[in-house]
Structure formats: C-alpha cells, structure tokens
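Quick note, the sequences are listed as chains V and P, same order. Letter by letter, the first sequence follows residues 1 to 109 in my numbering. Letter by letter, the second sequence follows residues 1 to 114 in my numbering.
Honestly, the hints are just simulated from the structure, not real lab data. Ideal Cβ positions, reconstructed from N, Cα and C, are used throughout, including at glycine. Among the hints, a few may not be true.
In the DSBU-like style, the derived pairs of lysine-lysine whose C-alpha atoms are separated by at most 30 Å in a straight line are [claimed, not checked]: (1) V:37 <-> P:26; (2) V:59 <-> P:26; (3) V:67 <-> V:26; (4) V:50 <-> P:26; (5) V:26 <-> V:50.
Covered by chain P, per the in silico footprint, the following chain V stretches (three or more residues, Cβ under 8 Å) [to be verified]: (6) 33–45; (7) 63–69.
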Amino acid sequence: QQPVQSPQAVILREGEDAVINCSSSKALYSVHWYRQKHGEAPVFLMILLKGGEQKGHDKISASFNEKKQQSSLYLTASQLSYSGTYFCGTGNTGNQFYFGTGTSLTVIP
Amino acid sequence: DAGVTQSPTHLIKTRGQQVTLRCSPKSGHDTVSWYQQALGQGPQFIFQYYEEEERQRGNFPDRFSGHQFPNYSSELNVNALLLGDSALYLCASSFLGQNTGELFFGEGSRLTVL
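The shape of chain V in the complex, shown without the other chains:
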C-alpha cells in the first residue's frame, strides 16, 4: 500500500523550482505532505482532502488528482530551508496513513 514517490532525490540551486510526485495503486481518500529534516521528526506541510483540490502556503503548493490516484508537491523559488526529505502520506479511512518512499531534496547556494 506504500505510495511511490518520484524523483528519489533532487538537487536544486536556491531560487529553482521542483516538483515531487506521489502515486498510489489504491484509491486515495486524502493526501498529506510532510518534510523531515535529518535527525528530526516529520513536520506536517498540508493535506488535500478532495480530488482536484490544490493548496499552498508560502511558495509550496500541492495538487491532488483523485482519478489518477496521484498528488504533486510544487516548490517554487526554493530556499536553503527547504532541504530535507519529503514524504507524501495517503489515507484510506480515519487517521491512518501510509507514507511514501520519500524524496530527498537538497538546496545549495
């Protein structure tokens, strides 16, 4: 049930944009995005509850295509603080989530 993320790793220069994709083989009820910095706990970024929903804060946004069972995370004008591993989490019922395979993002000056 683990969602698959792509790419596995990406290196950006400050100011560049990136897209992280999350695909599930099962129908999605919701999609969550988390960022985990090395040695720290995952931190919640956003949740999308409906197919077609898009959300964003600051320069990070996400979309959810329920029919394609996919979600994408968009990071624009990346900052050094964006570095970390990004995980999508897909929900079926209630608060149970399965986390994706992860995408390592490194932003360099």
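Following the hints, complete the assembly by docking chain P onto the known chain V.
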C-alpha cells in the same frame, strides 16, 4: 502547550530482549499512531490506538504490541528483538474528530539491536 513526547530517545538492546517505548500525545489529542522508520526509508505504519483499543494495524508481526491508557498516552512493546528491528520509532498523535487528520510527531526513540 507540550507537543508529542517520547521516551527513551535512544536505547540499545540485544537480540531476543524485549523493549517498551512510551509516548505522550499532544494536549487535546486522543489518537496515537506508531511508525517504524528504518534508515533512509519512509515511516512504516505499525498500529493506531483510539479509546484504548487498537483500531488499525499495519503489516507487523505479533511481536509488536501496544497499549493506550485512559490519559491517551501509549506504549509500544516489541518482544524477541531481531537485528532488523533496529530503527527510529515514531509516535504521532491526532484528534480523531478533526477533519484535517494532521499528524503531530514526536522526536522518536532510536532503537539499536545488537
């Protein structure tokens, strides 16, 4: 407002031993989920507790068991430890009634099995 707290932060055990990890959820939260995160991998869902009962369980053997107390805190027990149980164990709390489903994670307990 205290967040999710876990103890111990680090521990070392030998194969065959048993371990108990503890978690106190964020104030106001009533649901606790446990995850295992191996090095370089994403968190793997172990189980979730709500109203002192196990509501959902991932693909983990019966050696992994848990408990939730009336104050919503929780324990994760692992028996007959294997080398492969070495990982970061994360506790996440949430409020079942909320629609957002946001998970708040503790800093984790890093278990090393020798």
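Each hint tested on the structure:
In summary, the hint linking residue 37 (chain V) to residue 26 (chain P) is supported, as the alpha carbons are separated by about 21 Å, within the 30 Å threshold. This hinted pair checks out: residue 59 (chain V) and residue 26 (chain P) have alpha carbons roughly 28 Å apart, not beyond 30 Å. The straight-line distance between the Cα atoms of residue 67 (chain V) and residue 26 (chain V) is roughly 11 Å, inside the 30 Å bound, and the hint therefore holds. Between residue 50 (chain V) and residue 26 (chain P), the direct Cα distance comes to roughly 27 Å. Compliance with the 30 Å bound is thereby established for this hinted pair.
As the CA atoms of residue 26 (chain V) and residue 50 (chain V) are separated by approximately 15 Å, the hinted pair is consistent with the 30 Å bound. For the segment 33–45 of chain V, the proposed coverage by chain P is satisfied: 6 residues have a C-beta within less than 8 Å of a C-beta in that chain, meeting the threshold of three. Counting residues of the segment 63–69 of chain V whose CB lies closer than 8 Å to any CB of chain P gives 0, so the stated coverage by that chain is violated, three being the minimum.
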